[in-house]
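Colleague: Residues per chain are reported as follows:
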Amino acid sequence: MSVSHQKLLEVRGLKSHLFTDEGVVKAVEGVDFDVPRGKTVCIVGESGCGKSMTARSLLRLLPSNGRLVEGSILLHDDAGGVRDIAAMDNRGSEIRKIRGREIAMIFQEPMTSLSPVHTVGNQIVEAVRLHFSVTVKEATERAIEALDRVGIPRPKEQMGSYTFQLSGGMRQRAMIAMALSCRPRLLIADEPTTALDVTTQANILDLIRELQEDLGMSVLFITHDLGVVAEIADEVAVMYLGKVVEKAGVDDLFHDPKHPYTRALLESIPKLGSGSKEDLETIRGSVPHPFRRPSGCPFHPRCDSFMRGLCDRIVPPPVTLEDGREVRCLLYGGTEGSDE
Amino acid sequence: MTVQVPGASDAHARPKDPLLEVRDLKMHFPIRRGVFGRIVGYVKAVDGVSFEVNEGETLGLVGESGCGKTTLGRTLMRVYDPTAGEIRYRSRDGRAVDLADLTRQRLKPLRREIRMVFQDPQSSLNPRFPVRDIVAEPLKMSGRLSRRALDDRVAELLRQVGLRPETMHRYPHAFSGGERQRIGIARALATDPRLVVADEAVSALDVSVQAQILNLLARLQRDLVLTYVFVSHDLSVVEHISDRVAVMYVGRIIELAHTSALFRDPQHPYTEALLSAVPKPEPRLRGRTERIRLRGEVADPADPPPGCPFHPRCPYARENCRTDVPALREVRPAHWAACHYSEELELRGVEMPTVQPETR
Numbered sequence: 527m528s529v530s531h532q533k534l535l536e537v538r539g540l541k542s543h544l545f546t547d548e549g550v551v552k553a554v555e556g557v558d559f560d561v562p563r564g565k566t567v568c569i570v571g572e573s574g575c576g577k578s579m580t581a582r583s584l585l586r587l588l589p590s591n592g593r594l595v596e597g598s599i600l601l602h603d604d605a606g607g608v609r610d611i612a613a614m615d616n617r618g619s620e621i622r623k624i625r626g627r628e629i630a631m632i633f634q635e636p637m638t639s640l641s642p643v644h645t646v647g648n649q650i651v652e653a654v655r656l657h658f659s660v661t662v663k664e665a666t667e668r669a670i671e672a673l674d675r676v677g678i679p680r681p682k683e684q685m686g687s688y689t690f691q692l693s694g695g696m697r698q699r700a701m702i703a704m705a706l707s708c709r710p711r712l713l714i715a716d717e718p719t720t721a722l723d724v725t726t727q728a729n730i731l732d733l734i735r736e737l738q739e740d741l742g743m744s745v746l747f748i749t750h751d752l753g754v755v756a757e758i759a760d761e762v763a764v765m766y767l768g769k770v771v772e773k774a775g776v777d778d779l780f781h782d783p784k785h786p787y788t789r790a791l792l793e794s795i796p797k798l799g800s801g802s803k804e805d806l807e808t809i810r811g812s813v814p815h816p817f818r819r820p821s822g823c824p825f826h827p828r829c830d831s832f833m834r835g836l837c838d839r840i841v842p843p844p845v846t847l848e849d850g851r852e853v854r855c856l857l858y859g860g861t862e863g864s865d866e
Numbered sequence: 203m204t205v206q207v208p209g210a211s212d213a214h215a216r217p218k219d220p221l222l223e224v225r226d227l228k229m230h231f232p233i234r235r236g237v238f239g240r241i242v243g244y245v246k247a248v249d250g251v252s253f254e255v256n257e258g259e260t261l262g263l264v265g266e267s268g269c270g271k272t273t274l275g276r277t278l279m280r281v282y283d284p285t286a287g288e289i290r291y292r293s294r295d296g297r298a299v300d301l302a303d304l305t306r307q308r309l310k311p312l313r314r315e316i317r318m319v320f321q322d323p324q325s326s327l328n329p330r331f332p333v334r335d336i337v338a339e340p341l342k343m344s345g346r347l348s349r350r351a352l353d354d355r356v357a358e359l360l361r362q363v364g365l366r367p368e369t370m371h372r373y374p375h376a377f378s379g380g381e382r383q384r385i386g387i388a389r390a391l392a393t394d395p396r397l398v399v400a401d402e403a404v405s406a407l408d409v410s411v412q413a414q415i416l417n418l419l420a421r422l423q424r425d426l427v428l429t430y431v432f433v434s435h436d437l438s439v440v441e442h443i444s445d446r447v448a449v450m451y452v453g454r455i456i457e458l459a460h461t462s463a464l465f466r467d468p469q470h471p472y473t474e475a476l477l478s479a480v481p482k483p484e485p486r487l488r489g490r491t492e493r494i495r496l497r498g499e500v501a502d503p504a505d506p507p508p509g510c511p512f513h514p515r516c517p518y519a520r521e522n523c524r525t526d527v528p529a530l531r532e533v534r535p536a537h538w539a540a541c542h543y544s545e546e547l548e549l550r551g552v553e554m555p556t557v558q559p560e561t562r
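Same order as they appear, the protein sequences are chains A and H. Be aware that the first sequence starts at 527, since it is given in the numbering used here, and climbs by one per residue. Be aware that the second sequence starts at 203, since it is given in the numbering used here, and climbs by one per residue.
Keep in mind that the hints were calculated from the coordinates and are not lab data. It is possible that part of the hints are untrue.
Unchecked claim - Examples of chain H residues toward chain A, derived with CB under 7 Å:
| no. | residue |
| --- | --- |
| 1 | D408 |
| 2 | S410 |
| 3 | H442 |
| 4 | V480 |
| 5 | K482 |
| 6 | L496 |
| 7 | V552 |
As the list claims (entries may be wrong) - Take a look, some chain A residues computed to stay more than 12 Å from chain H by CB distance:
| no. | residue |
| --- | --- |
| 8 | K533 |
| 9 | R538 |
| 10 | V550 |
| 11 | G556 |
| 12 | P589 |
| 13 | S590 |
| 14 | R627 |
| 15 | E671 |
| 16 | K682 |
| 17 | R709 |
| 18 | F832 |
| 19 | D838 |
| 20 | E862 |
As the list claims (entries may be wrong) - Derived DEER-like restraints, expressed as beta-carbon distance ranges:
| no. | chain 1 | residue 1 | chain 2 | residue 2 | range |
| --- | --- | --- | --- | --- | --- |
| 21 | H | M343 | A | R834 | 47 to 53 Å |
| 22 | H | E315 | A | D805 | 23 to 29 Å |
| 23 | A | T720 | H | P311 | 38 to 44 Å |
| 24 | A | E596 | H | P507 | 54 to 60 Å |
| 25 | A | S619 | H | R240 | 54 to 60 Å |
| 26 | A | D805 | H | R495 | 31 to 37 Å |
| 27 | A | E548 | H | R493 | 43 to 49 Å |
| 28 | H | V281 | A | S573 | 26 to 32 Å |
| 29 | A | R834 | H | G489 | 42 to 48 Å |
| 30 | H | R493 | A | D805 | 28 to 34 Å |
| 31 | A | G564 | H | E358 | 57 to 63 Å |
| 32 | H | E548 | A | E548 | 57 to 63 Å |
| 33 | H | L426 | A | E596 | 51 to 57 Å |
| 34 | H | S293 | A | R810 | 36 to 42 Å |
These numbers were taken from a predicted model, which means no experiment stands behind them. Ideal Cβ placement from N, Cα and C applies to all residues, glycine included.
Produce the entire structure from the sequences given, and follow the hints as far as they go.
Modeller: This is how it looks when you write it as structure tokens:
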């Protein structure tokens, strides 16, 4: 198996912008990352960093005022073929064969993908029949199996339930069942546990982890919660203002963070069990307004390692470190780069 | 026989009376049906809660959605009229009053002493008013200050919360989420309060901003001798900010203790499960310990199970847990738990990533 076969998805130079009345929001501004087969990649960042827009770009599900303006999204298949999702017509049949079938997506709010006026069973059966030529009976069996797999009790009876009859955690499970009913190769999960209570969240994270092991699918998990990242990620991409500022394995990221933003982020969270009442480390200021993107490194106005004349002038290029990690920070090189 | 009230009745406690003493507080909301609004049942959002809060301390209230923590916070503020119980508050002039029982008229002067900070700075600030008017509003109620004096006071408050006074003429939309939360805090501080109820005050903020606000709340508490009741679902935040923590489940406090005792040595199975479920920002802890996973969902406060409300989900439940309601009792000095078997069970607290000396 060649090296490229290990990768399921290769995202290169992705740019997605939102065109608003006030101007253009460069929500995703040159993003590169890979999703290896069978692994979990986390994209972590604060609000406005472009993590959700990145996830939506992969399925070409941007809001009506958004557009994928540049870059490639290469989806590798088992036979060695490659398709570029970025080049597809976002309403064409090509992308529609991928959505839900090869790449499925789950959201923070389950009602984003579930219908309130159809039974849970009907929705899953329809999704299965859309992508596979199977009889209603076969599709129904598959749907029951999917509901059973995600831990919904009495799946046969629950097929006839409407979403309003289910609790928040059960709705989340129903949405995951629908996403998994077509056996996708990649599951994109956009903050799927953020609105849930911790005990329910723990169960859903366990479920996603188990399903991944059983089905061998890849997971791209979008979150702002570093605790969740530590629990489920194999690899992590940290985003800030539309760029991936650091990529690393999960252990390296938590124990040897390189980018000043990653370091500051890790220091600013209260750690359960530390017992410390000392003031927390903070990152000064807040994420800038998207129309006021700083020049040079987007993090420089908040950075403790700010180098005048460099960081405010040069957009840091990705620098590959010895162990294969990647970081966009002039502390690690790239100062010979060009002005923005 | 007197009702035992969980408080800090140990060496840490000051000899003087607590600032707030809540006894057997109940807040039941009627469920109405039909054309005539017949009452068919009650949601027992707060169902017999007792605790004390000492002056200058922070009491954390944690629990999952629907546990009644927000209703409890609001009932303390008399946003609702409690169904039963006492909320004894020692006012600035030393009088002890029962907030649960006061008329709106008599309550009004006390509203200056007890203030609230809300979760969502987006919706709790009126977008049509400039910051100056928002912050000055509670002051105008008293009607004694001149325009000039109001401006000066607003400027001082903004400085106190780390905002530039020049920004007072801007409208809320011109501020970031963290700055808006600072405005909400400035408004709460305007009347020089003694007790602040913070309801999920940092939950909507980004992590980098959350740390700033937590530090600000800690500094204000030291400088102004504030007492906090800090309502939150986030156990890491609650551990960081609280001196003592009360864990709620279906309208009741099921455990109350000093923060380090509660997190290291929980005495109630629900607390143990909560602590186990929090994702820890340490990948090396993965798979090291057996996780406790609760089955089922939080009980419906309109139809709580008989006996211990936690028994259907409790991995240690025994026969009498289905029938006997456990009382909140002092299972260790200053450590209260509502479980029949606290003494027998060996429950697991949070694993310490690094050993650190106790700071309090």
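Colleague: I'd like to know which numbered hints this structure contradicts. Please list them from smallest to largest.
Modeller: none
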